[in-house]
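Number of protein chains: 2
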Amino acid sequence: SVKRAVIESVAPHMPGHVHFIPGHPIAGTEHSGPRSGFAEIFDNRWTILVSDETTDATALDRLTRYWQALGANVDVMDADHHDLVLAVTSHAPHLIAYTMVGVADDLRRVTDSEVVKYSAAGFRDFTRIAASDPTMWRDVFLTNKDATLEILGRFTEELFALQRAIRTGDGEHLFDYFTRTRAIRRGIIQAGQDTDAPDFGRQGKKP
Amino acid sequence: SVKRAVIESVAPHMPGHVHFIPGHPIAGTEHSGPRSGFAEIFDNRWTILVSDETTDATALDRLTRYWQALGANVDVMDADHHDLVLAVTSHAPHLIAYTMVGVADDLRRVTDSEVVKYSAAGFRDFTRIAASDPTMWRDVFLTNKDATLEILGRFTEELFALQRAIRTGDGEHLFDYFTRTRAIRRGIIQAGQDTDAPDFGRQGKKP
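So the sequences go chain by chain: A and B.
Residue numbers for the first sequence follow this note's numbering, so the first one is 3 and each next one is one higher.
Residue numbers for the second sequence follow this note's numbering, so the first one is 3 and each next one is one higher.
Next up, chain A with everything else stripped away, as it sits in the complex:
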């Protein structure tokens, strides 16, 4: 999930005949371990391989075809860009979800039982993200510190602007912001990275 720190730790110790190409798939669920795997886990998901000027082109090509054979699409980028992209699409969203769940848990005037009962109103999606492995996530934030803090800085800047719009009653600012964010959702569905099925099939009874 983080590459710059891994490369700095591992690369100097690589024997000369070993090609070291970091990479990982953007796939999987909130569950960990080998029993959480399934045959289609990489289908139409992206795997990022990290290269620099020292990367062997033949080895990179072989590794690309390996991931493609597993069903994945492959992108190649440098370590810093990888860490920034993951900070946006994964690390910052996880920290924010953890924070919101912690706040709800902590409130004295709303009980945990109430939070659980009324979680279908949006909150439960945050709890799924915030159920991921604590050890892994601690290490992600400690090793991708700079990119995560950069994104969180932008996040709080925008959040403060929206809070001010709420406080001053600036409905136009709110409406414009909420309209803009719908385009990204459409892009994700068109690219097959999520389904448009409402509520992810949680609605109604199980078959």
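You may find that some hints are simply not true.
Identical copies carry no separate label here, and so any pair may be met within one copy or between two of them.
Below, computed lysine to aspartate or glutamate pairings styled on DMTMM-like, alpha-carbon distance capped at 20 Å [to be verified]:
| no. | residue 1 | residue 2 |
| --- | --- | --- |
| 1 | 147 | 172 |
| 2 | 147 | 135 |
| 3 | 147 | 178 |
| 4 | 147 | 174 |
| 5 | 147 | 82 |
Read the hints as simulated data drawn from the structure, not as lab findings.
Got chain A sorted already, so can you dock chain B onto it with the hints?
Positioned in the frame of chain A, the structure of chain B alone reads:
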């Protein structure tokens, strides 16, 4: 979704023979309108009815049985508590999701196409929440201003503490926080308010 403001606007105009009991179900999906309904929409979901000292007990009882007949569980509370509970479980999470999606859309160094491709890493759950109706959400925030701002204040306080832990390398603070939030997730699954199925069945191929 907000009750205090509705009561202040509507209650004074009620004829004497009409019982005015605000309420709404915590159910549904990110889609709006009559075509987004389905038969089991209220099964094992909670409906909140709002009462005060003027509420007619017989009318409240009749309305409770109406919602129960539709499959819902019913809770009764006062308007201020309702608005605070919804600020925690719905309004603040929605604003936070909108904010994060807006930030990702706005970044110059990461393209929208990259955000879409790598959204499976956590971000796409935020985009679903941030795809809800902009007009409704503008009005929610403008009418539930106080409770939303209170929760957002607590949220930024916690977020700053976690950011500081990342910056100073305080892994223990991060690990403890991430461990605590798992208990609420277990409560939600035990209460039948979400499924433990990984990824909400988005994994793999469609049947």
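Against the structure, the hints:
For the homomeric pair residue 147 and residue 172, the shortest alpha-carbon distance between copies (11 Å) is at most 20 Å, but the shortest distance inside one copy (34 Å) is not. In this homomeric assembly, residue 147 and residue 135 come within 20 Å of each other (Cα to Cα) only inside a single copy, at 18 Å, whereas the closest approach across copies is 35 Å. Taking identical chains as interchangeable, the C-alpha atoms of residue 147 and residue 178 lie at most 20 Å apart only when they sit on different chains, with a minimum of 18 Å there against 32 Å within one chain. Taking the closest pair of Cα atoms, residue 147 and residue 174 come within 20 Å of each other only across two copies (15 Å); inside a single copy the shortest separation is 35 Å, beyond that limit.
In this assembly of identical chains, the alpha carbons of residue 147 and residue 82 lie at most 20 Å apart only when taken from the same copy (12 Å versus 40 Å across copies).
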